[in-house]
Amino acid sequence: MNGSPERTVLGDLTQDYRTTLLRFLPHHDEGARAAAYDLGRRAVAAEISLLEVCRLHHEVTLEVLRDAAPDELIDLVEGATELLLEVLATYDMTHRGVLGP
Numbered sequence: 001m002n003g004s005p006e007r008t009v010l011g012d013l014t015q016d017y018r019t020t021l022l023r024f025l026p027h028h029d030e031g032a033r034a035a036a037y038d039l040g041r042r043a044v045a046a047e048i049s050l051l052e053v054c055r056l057h058h059e060v061t062l063e064v065l066r067d068a069a070p071d072e073l074i075d076l077v078e079g080a081t082e083l084l085l086e087v088l089a090t091y092d093m094t095h096r097g098v099l100g101p
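Using our numbering, the letters of the sequence shown map in sequence onto residues 1 to 101.
No lab work stands behind these hints, which were simulated from the structure alone. Even for Gly, the Cβ is constructed at its ideal location relative to N, Cα and C. Don't take every hint at face value.
[Stated by the list, open to error] Taking CB as the label site, the calculated pair distances span:
#1 69 x 96: 35 to 43 angstroms
#2 69 x 42: 30 to 38 angstroms
#3 73 x 8: 30 to 38 angstroms
#4 70 x 96: 35 to 43 angstroms
#5 47 x 26: 16 to 24 angstroms
#6 19 x 54: 28 to 36 angstroms
#7 97 x 72: 33 to 41 angstroms
#8 19 x 52: 13 to 21 angstroms
Throw the hints in and build the complete structure from the sequences for me.
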């Protein structure tokens, strides 16, 4: 096996993030929102840093934007940002839980 278990978890998360983003962008449906929230839960459980999640979001979003028509860019960025907020909701709840009221 090449690579550490963390790289495998991160690789799986990246692939799932890509799939979820591509599903979410055309319709912004609740199923994709739930999948994004679940990705956030998995990332927290795997102790993947918030910065690493933002990095993978950036990379996957750039992949999508490179193939997009210029007139689609604003909608794609808005959709990708919405998805990122769903992923980060778990981090926010965890942060609030640790710090208290």
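Status of the hints after comparison with the structure:
1. Checked against the hint of 35 to 43 angstroms, the C-beta distance between residue 69 and residue 96 comes to roughly 40 angstroms, which is consistent with it.
2. Between residue 69 and residue 42 the C-beta distance comes to about 32 angstroms, which sits within the given range of 30 to 38 angstroms.
3. A hinted range of 30 to 38 angstroms for the beta carbons of residue 73 and residue 8 is consistent with their spacing of about 33 angstroms.
4. Checked against the hint of 35 to 43 angstroms, the pair residue 70 and residue 96 passes, with Cβ atoms roughly 39 angstroms apart.
5. For the hinted restraint 16 to 24 angstroms between residue 47 and residue 26, the CB-CB distance of approximately 32 angstroms leaves it violated.
6. Taken as a hint, the range 28 to 36 angstroms is violated for the pair residue 19 and residue 54, whose Cβ atoms sit roughly 18 angstroms apart.
7. Checked against the given bound of 33 to 41 angstroms, the beta carbons of residue 97 and residue 72, roughly 38 angstroms apart, stay inside it.
8. Roughly 18 angstroms separates the CB atoms of residue 19 and residue 52, a value that falls within the hinted 13 to 21 angstroms.
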